[in-house]
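Peer 1: When we follow the UniProt record's numbering, the leftmost residue of the sequence shown carries the number 1, and every step to the right adds one.
Treat the hints as calculated values from the structure; they're not laboratory data.
Every residue, glycine too, gets a C-beta built ideally from N, C-alpha and C.
There could be a bad hint or two in this list.
[Stated by the list, open to error] Calculated cross-link-like contacts (lysine-lysine; reagent style BS3-like; alpha-carbon spacing at most 25 Å): (1) Lys206 - Lys195; (2) Lys217 - Lys194; (3) Lys183 - Lys204; (4) Lys105 - Lys136; (5) Lys217 - Lys105; (6) Lys96 - Lys183; (7) Lys206 - Lys248; (8) Lys136 - Lys206; (9) Lys217 - Lys206; (10) Lys204 - Lys136; (11) Lys194 - Lys183; (12) Lys194 - Lys204; (13) Lys215 - Lys204; (14) Lys136 - Lys96; (15) Lys105 - Lys204; (16) Lys183 - Lys195; (17) Lys204 - Lys96; (18) Lys136 - Lys194.
[As the list claims (entries may be wrong)] Taking CB as the label site, the calculated pair distances span: (19) Asn97 - Pro64: 36 to 44 Å; (20) Asn97 - Ser202: 22 to 30 Å; (21) Arg66 - Asp93: 30 to 38 Å.
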Amino acid sequence: MASGRNIIVLLLLAFVSKTFSETIIQMHPIAHRANADDNGSGYYCESWRYSVETNDAGEWRNIPARCIDFVRDYITGERYRSDLEIVAENSLDFVKNVTMIGDGKDAWVFDIDETLLSNVPYYAAHGYGSETFNEKSFNHWVGLAEAPALPASLRLYNELNQMGVTLILLTGREEFQRNATEKNLLDAGFSHWKKLLLREPSDKEKPATTYKSEKRKEIENEGYTIHGCSGDQWSDLRGYAMGIRSFKLPNPMYYIP
Numbered sequence: 001m002a003s004g005r006n007i008i009v010l011l012l013l014a015f016v017s018k019t020f021s022e023t024i025i026q027m028h029p030i031a032h033r034a035n036a037d038d039n040g041s042g043y044y045c046e047s048w049r050y051s052v053e054t055n056d057a058g059e060w061r062n063i064p065a066r067c068i069d070f071v072r073d074y075i076t077g078e079r080y081r082s083d084l085e086i087v088a089e090n091s092l093d094f095v096k097n098v099t100m101i102g103d104g105k106d107a108w109v110f111d112i113d114e115t116l117l118s119n120v121p122y123y124a125a126h127g128y129g130s131e132t133f134n135e136k137s138f139n140h141w142v143g144l145a146e147a148p149a150l151p152a153s154l155r156l157y158n159e160l161n162q163m164g165v166t167l168i169l170l171t172g173r174e175e176f177q178r179n180a181t182e183k184n185l186l187d188a189g190f191s192h193w194k195k196l197l198l199r200e201p202s203d204k205e206k207p208a209t210t211y212k213s214e215k216r217k218e219i220e221n222e223g224y225t226i227h228g229c230s231g232d233q234w235s236d237l238r239g240y241a242m243g244i245r246s247f248k249l250p251n252p253m254y255y256i257p
């Protein structure tokens, strides 16, 4: 009789143990999925931003609707500023170990929007990249000449200037925006650039990669050595005549092919 009771007890223990183990095994994945989808951010939006910054996402038009809050929090938060500081530090670490020719032909090429100047005030009113781009609206913003400097980029820019590096600005903005762009740059603290290259009418239909490659080639043909290029878009950095090193700044708000 005792042995029968023992068998029953063992069977009950085995059943309870199996049930408890299955509960434990299921518990973490369920919690993980809940956290991943919380507020449309979490792991999905982190992974989406990673794919954008590494160019794995290829061409894209708007940020996913579920990631609007995530992009807002990133672009207005400390993480974005920290990422920009790291890019600036890496740029300085590189250039400090470069052997300069010293003839005024040691150059660094900067993009402007989201590289030197921040358009976050504009995009804050337009869904942080979730709305379809409106060229007329953005051109009005550019005309106001109110975009603030990105502090890390301003520091990098000034240190390069002090080192005797020739500063060349290459932007996708158009020639008719030159006066507003120059005013904005000066008001934001940028000065002493050698060239400010904007799209001419003949450049208007060119993809950014083609346009910027052609302009960099012209710079090289003038005898400059492009030691570094800084830009927030892969089209700022790809193509040909790319310089010795490229430095990609983060921008999950929009993509320019």
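Peer 1: What are the numbers of the hints that this structure violates, sorted from low to high?
Peer 2: As far as the earlier hints go, 4, 6, 14, 15, 17, 18 and 20 are violated by this structure, in ascending order.
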